[in-house]
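Protein chains in written order, with the UniProt record's numbering: chain A, 1 to 666; chain B, 1 to 666.
Watch out, some of these pointers could steer you wrong.
If several chains are the same, the list does not tell them apart, and a pair holds so long as it fits within one copy or across any two.
Claimed, not checked - Lysine to aspartate or glutamate pairs mimicking DMTMM-like chemistry, simulated, CA-CA at most 25 Å apart:
| hint | residue 1 | residue 2 |
| --- | --- | --- |
| 1 | 421 | 613 |
| 2 | 502 | 243 |
| 3 | 84 | 587 |
| 4 | 421 | 185 |
| 5 | 84 | 611 |
| 6 | 2 | 79 |
| 7 | 84 | 583 |
| 8 | 84 | 430 |
| 9 | 84 | 597 |
| 10 | 362 | 464 |
It should be emphasised that the hints constitute simulated quantities derived from the structure, not laboratory data.
2 protein chains.
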Amino acid sequence: MKRSIATVSLSGTLEEKLRACANAGYDGIELFENDLLCSVHAPETVRRMCEDLGIEIALYQPFRDFDSTDPARFARNLERARRKFDLMHRLGADKILVCSHVGADAVFDRQQLVDQLGQLARLAQSAHVEAGYEALAWGRHVHSYRDAWRAVREVDHPNLGIVLDSFHTLSIRDDLSELDSIPGDRITFVQLADAPLLAMDVLEWSRHFRCFPGQGSFELAPFVAPILRNGYAGPLSLEVFNDGFRSAPARVTALDGLRSLIWVEDRARAYLDAHDVFATPAAAVFAVHDGESGSTHDEPQGIGHATAAVESVRAQTAAPASLVSPTGFAFLEFAVDDATRTRLADWLAHFGFVRARRHRSKRVSLYQQGPVNLILNAEPDSFADRFYGEHGLSLCAAALAVDDADTTLNRATTFRYAPYKGSVGPEEREIPGVVAPDGSLIYLVADGPGKPTIYDTDFVPTHETAPADAADLTGIDHLCLALPRDAIDSWVLFAQAAFGLKPEQQWMLPDPYGLVRSRALRSDDGRLRISLNTSDDTRTSVARALTTYGGAGLHHVAFGTSNAIRTAAHLAARGVPMLAIPDNYYEDVAARFGLDDAFVAQLRESNVLYDRDEQGGELLHAYTQQIGTRFFFEIVERRGGYDGYGVANTPVRNAAHAWVRALAQQ
Amino acid sequence: MKRSIATVSLSGTLEEKLRACANAGYDGIELFENDLLCSVHAPETVRRMCEDLGIEIALYQPFRDFDSTDPARFARNLERARRKFDLMHRLGADKILVCSHVGADAVFDRQQLVDQLGQLARLAQSAHVEAGYEALAWGRHVHSYRDAWRAVREVDHPNLGIVLDSFHTLSIRDDLSELDSIPGDRITFVQLADAPLLAMDVLEWSRHFRCFPGQGSFELAPFVAPILRNGYAGPLSLEVFNDGFRSAPARVTALDGLRSLIWVEDRARAYLDAHDVFATPAAAVFAVHDGESGSTHDEPQGIGHATAAVESVRAQTAAPASLVSPTGFAFLEFAVDDATRTRLADWLAHFGFVRARRHRSKRVSLYQQGPVNLILNAEPDSFADRFYGEHGLSLCAAALAVDDADTTLNRATTFRYAPYKGSVGPEEREIPGVVAPDGSLIYLVADGPGKPTIYDTDFVPTHETAPADAADLTGIDHLCLALPRDAIDSWVLFAQAAFGLKPEQQWMLPDPYGLVRSRALRSDDGRLRISLNTSDDTRTSVARALTTYGGAGLHHVAFGTSNAIRTAAHLAARGVPMLAIPDNYYEDVAARFGLDDAFVAQLRESNVLYDRDEQGGELLHAYTQQIGTRFFFEIVERRGGYDGYGVANTPVRNAAHAWVRALAQQ
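Please work from the sequences and hints to get the whole structure.
Okay, here's the thing in C-alpha cells:
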C-alpha cells in the first residue's frame with residue numbers, strides 16, 4: 001500500500017511538514033490548502049521540494065461548497081474550480097477533494113446535484129485532473145458516503161470519483177455495507193482517522209479530537225477491508241485534526257502516523273483473512289495495490305485480476321512479524337543510588353520482599369516475594385544510572401514475559417520502535433528490549449519451562465531468608481505510569497501495535513489539584529495491565545510522578561492479593577505506612593452499596609477501599625503512602641471477575657495522599 | 001445579598017477550600033458531598049471549622065436520583081435521605097439539594113412524582129431540614145425549572161422548595177417567564193454559573209466549561225432579577241465546574257468568584273431599575289435580603305413588604321461606584337534598559353515617532369505621533385525596572401483614558417482589584433492605577449479639556465522635531481496581550497466589572513505550532529479594544545510573548561490608520577521591517593473575495609492583508625516583523641464599520657512570523 005498523510009495533521013511550516021513526511025517514509029501527502037497559502041514558496045517550488053524529497057502530492061484539498069442553488073454563485077464556483085485546477089498543474093497534483101456543501105445554498109435536488117457535479121467532472125477532464133467527492137458528516141444535504149456515492153455513480157464520469165473518510169463514516173455509525181458495492185477504481189482517495197468516542201457536536205469532535213488509527217475507539221478494519229478488496233490502488237492517507245498534533249514536533253507525529261498505517265494494514269489483512277468471501281489470501285489483495293488496476297466497470301470486481309499482480313516489495317516488507325501476547329510482567333527495574341537503594345530496600349523489606357539474589361558482577365539486586373520480581377539497579381554507567389542521574393529514584397524499565405522474545409522484538413521494530421541493547425558483561429545474558437515512545441525501556445523476557453532464567457544465569461543466590469510472614473502477593477496486577485501531556489495516544493499505539501494490548505475506555509479523574517486523563521491497556525487474558533495517566537495540571541499526583549527529563553514516571557505498582565483485608569492489615573502490622581482512608585468514605589460506601597456493618601468495619605480497620613461493578617464483581621484495594629511524594633504501592637483483590645481499577649475511589653486516594661503531603665509540610 | 005460558593009468550584013483539600021472562601025469574604029458554602037467524603041475530618045469537625053472561619057454551610061449537595069418507579073429502590077432512597085439528614089445535623093446544615101433523576105427508573109407520572117416528593121418533604125420536616133428540588137438540564141423526565149416548580153407547588157409543603165440554577169435554565173434557553181410566579185420563600189437556594197456558548201453535549205458542557213458570571217456568554221440579570229424581586233432571601237451561590245478552576249489556586253478562584261457575585265448584583269440592580277414593574281427602587285429589593293421574609297403565600301408578593309426591611313450594611317457597601325467607560329488608551333509604557341531603549345527608540349523613529357518630551361527627573365521619555373503616546377521607562381528602581389529585570393523589553397503598563405479616574409479606581413477596588421501607587425517625585429503628578437489579575441498595571445488618566453496633562457506637569461519638551469513624513473496614525477486601534485493558561489476568564493471579568501468592556505466571541509486560531517484561544521474586549525463605542533490570547537502550547541507566538549514571570553506579555557500593538565496601503569508602503573520606505581506576506585495568499589484572497597487585479601496588486605505590493613465582513617465592512621491591515629522575536633506592531637484600517645480583527649488572516653501572519661524566525665536561525 002502507498003502511505004500518505006495530510007499536511008494539516010502536522011505542526012510547523014510547510015517545509016518542516018514535508019521534511020517530516022519524507023523522513024518518516026511516506027509515499028505522498030495531501031496538501032492542505034491553508035498550508036500552501038501560508039507558505040512563502042510558489043507552487044512550482046513546493047512541487048520541486050516534494051520531488052527532491054521523493055514524496056508526491058497525492059491530493060490537493062479541500063475544495064468547499066461547490067454546488068449551489070444560486071446560479072450566479074455556482075458559476076463563480078466553477079470558475080473557482082478552474083483556478084484551482086490551474087494551481088494543481090503548477091503543483092503537479094492531479095487529484096482534488098471536493099467536499100459536500102454545508103451552506104444554506106447547498107443543492108438538495110438530486111438531479112441538480114448530479115448536473116453540477118457532471119459539469120465539474122467535464123471541467124476536470126479538460127484540465128486532466130480528477131475530482132473526488134466527499135460527504136462531510138455535517139454536510140447540509142449530503143452527509144453519508146452512500147449519498148455521495150449515489151451522486152458519483154449517476155454522474156458516471158471517469159474524472160469524478162468518491163473520497164472515503166473513515167471519520168465521516170464511523171462518527172455517524174453509518175451503514176458500511178454499501179462500501180462493498182464501490183469499485184476500487186471509482187475511489188479517488190481514502191482518508192483514515194480514528195477518534196475516541198465523545199458525546200459532542202460531530203464538527204467539533206472532528207476538528208479537535210481525531211487521532212491516528214489504533215489510538216482511538218473506531219474499528220477501522222471493517223471500513224478499510226472492502227475498499228482494498230474492491231481493488232482501490234491509491235494511498236491510505238491520514239487526515240487527522242488533533243490539538244495535540246498541532247503542537248507536537250512534526251517529526252514525532254509523522255512517525256506515529258506511519259506506524260498507525262502499518263497497523264491498519266495489518267488489521268485489514270487479518271480481517272480479510274478472517275472474512276474473505278472470495279477465499280483469496282489477503283496477501284494478494286495487498287500485492288495488487290502497487291500494481292495496476294484497470295477496472296472501469298461499475299460493479300465490484302472482486303479480486304480475480306488482483307492475484308495476477310506482482311507482489312510488491314513494500315507489501316512484503318511491511319507485514320509485521322506475528323503478534324505474541326505478553327503473559328505478564330517478568331520483573332520491574334528501579335534505578336537507585338546507594339542512598340535510595342537503602343530506602344527502597346527498607347520499604348520492600350517491610351513489605352515482605354527478600355533480597356533473593358545479587359548480580360554476578362554488577363551492583364544489581366533481585367528482590368522477590370512469591371511471583372513478584374523487583375530489581376534494584378545501582379550499577380554505575382548503566383542505563384539505570386543514566387536514568388537515575390536525570391531523574392532519581394523511579395522505575396527505569398519494565399520487563400514483559402513473552403513466549404517468543406525475538407518475534408516480539410521483530411514485530412516492534414517493524415513498527416519502527418527502536419530496539420535496545422544494553423552493555424552486557426561476560427557470561428551474562430542479553431535481554432532484548434524496545435524503547436517506548438516516551439523513552440522508557442521495555443525488556444522482553446522469554447523464560448519458558450526448563451529454560452534457565454536470567455536469575456539463574458546472571459545472578460547468584462544471597463541465601464537471605466524470606467520472612468515467615470510474607471504478604472500474600474499473587475503477582476503484579478497492574479503498572480500505573482504517569483505520562484507527559486498528549487503522550488497517551490503514542491503509548492496506546494505502541495502497546496497495541498507491538499504487543500497487542502487493548503486500550504480501554506478513557507476516564508477523566510479528579511485530583512484535588514486538577515484533572516487526570518486515564519486509559520488502561522490490557523492483554524486479552526487480563527494478565528498484563530498497564531494504566532496510562534496524564535495531567536495538564538502541574539500540581540496533581542500524576543504531574544508529580546513525571547520524570548524530570550520529560551519521560552514516563554512511575555505512578556504506582558499494584559500487586560495482586562487473594563485477600564486484601566488480611567494483606568493490608570498484615571502490611572500495616574509489619575510497619576508499612578499504609579494510606580489512611582477517611583471515615584466519611586466508609587459511611588458513604590456502606591450506604592451506597594448496602595454493605596453490612598461487620599464487613600465495613602473490616603474495610604475501615606485495614607484502610608481497604610471497595611468497589612462493585614454491575615455484574616456484582618468486587619474490588620478490594622488498599623494503598624501505601626507515597627515514597628518521597630513520588631510513587632506508591634497498591635494491593636488489589638479482584639472478586640467475581642471484577643475487571644476495572646476502582647476509579648470511583650481515585651478522588652479519595654488522591655485527596656488522602658494530598659493530605660499526607662500537606663501534613664508533612666507543616 | 002449573602003454570597004456563597006460550592007466547594008466543588010475550588011481546588012485543593014477541604015481545609016484549603018474553606019480557608020479560601022473565608023478569606024475572600026463569602027458568607028457561606030455549598031458543601032459538595034465528595035469533598036466531605038474525601039476529607040479526614042468528621043462532620044462535626046467540619047462544622048466547627050466553618051464556625052471558626054465565620055462561614056455557614058448553606059447547602060449540602062447533591063442528593064441524586066431520589067424518585068423511582070421501583071418501590072424497593074424508592075424505599076432505599078428514602079432511607080438514604082434519612083441518613084443524609086442525620087449527616088446534615090452533624091454538619092449543622094439545614095438545606096439539601098435534591099436533583100432530578102437521570103436514570104431509567106426515574107418517575108414519569110406526575111402524581112407519582114408528587115407523592116414521592118411529598119414523602120421526602122415530610123421526612124425533611126421531621127428532621128427539621130429543607131429539601132430543594134432542582135431540575136437538571138439532562139434529567140430524564142424533569143429538565144426544566146418549570147417542571148420542577150410544578151411538582152414542588154403541587155407538593156405544597158414548607159420543607160420542600162425549589163433550587164434554581166442559572167446553568168440548567170440558560171443552557172437549554174428555557175423560557176424565563178415562569179420565574180416571576182415563584183414566590184421567593186419557596187426558593188430553597190439559587191445557584192449561579194455562566195458559560196461560553198459551545199456546541200456540545202450539555203452534560204459535558206456543564207461539567208467542564210462553566211465559569212463565573214461575567215466570564216461567559218449568558219445573560220444572568222434576567223434570571224436573577226425576578227428571583228430577587230419575589231423576595232428570595234437566601235444566598236446567591238456559585239456552582240461552577242471548570243477544568244481550569246480545578247487546578248488554579250483556590251485563593252485566586254474564590255476571589256474571582258466573589259467579584260463575579262458583586263458584578264451580578266450590580267447588573268441585577270440595573271436590570272431591576274430598568275424593568276421594575278413595581279416602580280420600586282432596586283435598592284429596596286437588595287435591602288430586604290438580609291432582613292426577614294415572612295411570606296408563605298403561594299403567589300408572588302411583589303416587594304410591598306420589602307421596603308420595610310432594614311437596608312443591610314452589606315448591600316450598601318457592596319454597591320460599586322458607577323461605571324465610567326474608558327475612551328481609549330492614554331499611553332502605553334514600555335520597560336527598557338539602556339540597550340533596549342536604543343533599540344526600541346530606533347524602531348519608533350523609523351515608524352515616524354518623535355521623542356517629544358522627557359521626564360523632569362526620571363529616565364523616562366515620551367514618544368509621540370499624532371494621537372499616539374508611548375512611554376519608554378528606563379528609570380532604576382521603578383515598577384518598570386523591576387518588571388524589566390524579571391522579563392526584559394515589553395509593555396509594563398497601559399493607561400486608559402477615562403473621564404473620572406477616581407470613580408473608576410473606586411469601582412475597581414470595590415471589586416477587590418488592588419489599587420497601585422507608584423513612587424512619585426516632587427512636583428510630579430500621581431497617576432491612579434489598578435493591578436490587573438495577571439499582575440500587570442493599568443493606569444487611569446483623566447485628561448479633560450483645559451486640564452494640564454501629565455505630559456505638561458511631569459515632562460519637559462525636547463524640542464526634537466517630528467519627521468515631515470510621519471505615518472498617518474489615528475490612534476491605538478487595539479492592544480493584543482498574551483496571557484498565561486486559563487487566565488482569560490479572570491481578565492474578562494476584570495475588564496467587564498471594572499471598566500464595562502464587553503467580551504466578544506471566543507476564537508480558536510491556528511499557529512504553525514499549536515492553537516491559540518483568543519477573545520476580544522471592547523468599550524461600547526469601540527474606542528478601546530483589547531484582545532486577550534492564550535495558548536496551552538509552548539511554541540506558539542502567543543506562548544513566546546508571555547512574560548518570564550508568568551504575567552501578561554505584549555503580543556502586539558495595532559495602530560489605526562486612515563489608509564493602510566499608503567501607510568504600509570510609507571513605513572517600508574522608511575525602513576520599518578514589515579512582514580512579507582506570501583504571494584499564495586494574494587491569489588487566494590483575490591479569488592475568495594472577487595477583488596480586482598489592480599487592488600490586489602496594491603495589497604501585495606505593500607504586504608497588506610484583507611478581510612471583509614458579511615455587511616461589506618472591510619479590514620486592511622499590515623504587520624511588522626517581531627522585535628526580538630517577541631512583540632510587533634500592526635496597522636489597521638477599518639472601512640464601512642468593520643468591527644473584527646481579521647482573524648481569518650491570523651494563520652498567515654503566524655506562519656510568516658515563524659518563517660522569519662526560521663530564517664534568522666539558519
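Hints, verified against the model:
no.: 1; hint: 421 - 613; result: neither (43 Å within a copy, 61 Å between copies)
no.: 2; hint: 502 - 243; result: within (24 Å within a copy, 28 Å between copies)
no.: 3; hint: 84 - 587; result: between (68 Å within a copy, 10 Å between copies)
no.: 4; hint: 421 - 185; result: neither (46 Å within a copy, 75 Å between copies)
no.: 5; hint: 84 - 611; result: between (60 Å within a copy, 21 Å between copies)
no.: 6; hint: 2 - 79; result: neither (32 Å within a copy, 65 Å between copies)
no.: 7; hint: 84 - 583; result: between (69 Å within a copy, 15 Å between copies)
no.: 8; hint: 84 - 430; result: neither (58 Å within a copy, 61 Å between copies)
no.: 9; hint: 84 - 597; result: between (75 Å within a copy, 17 Å between copies)
no.: 10; hint: 362 - 464; result: within (18 Å within a copy, 77 Å between copies)
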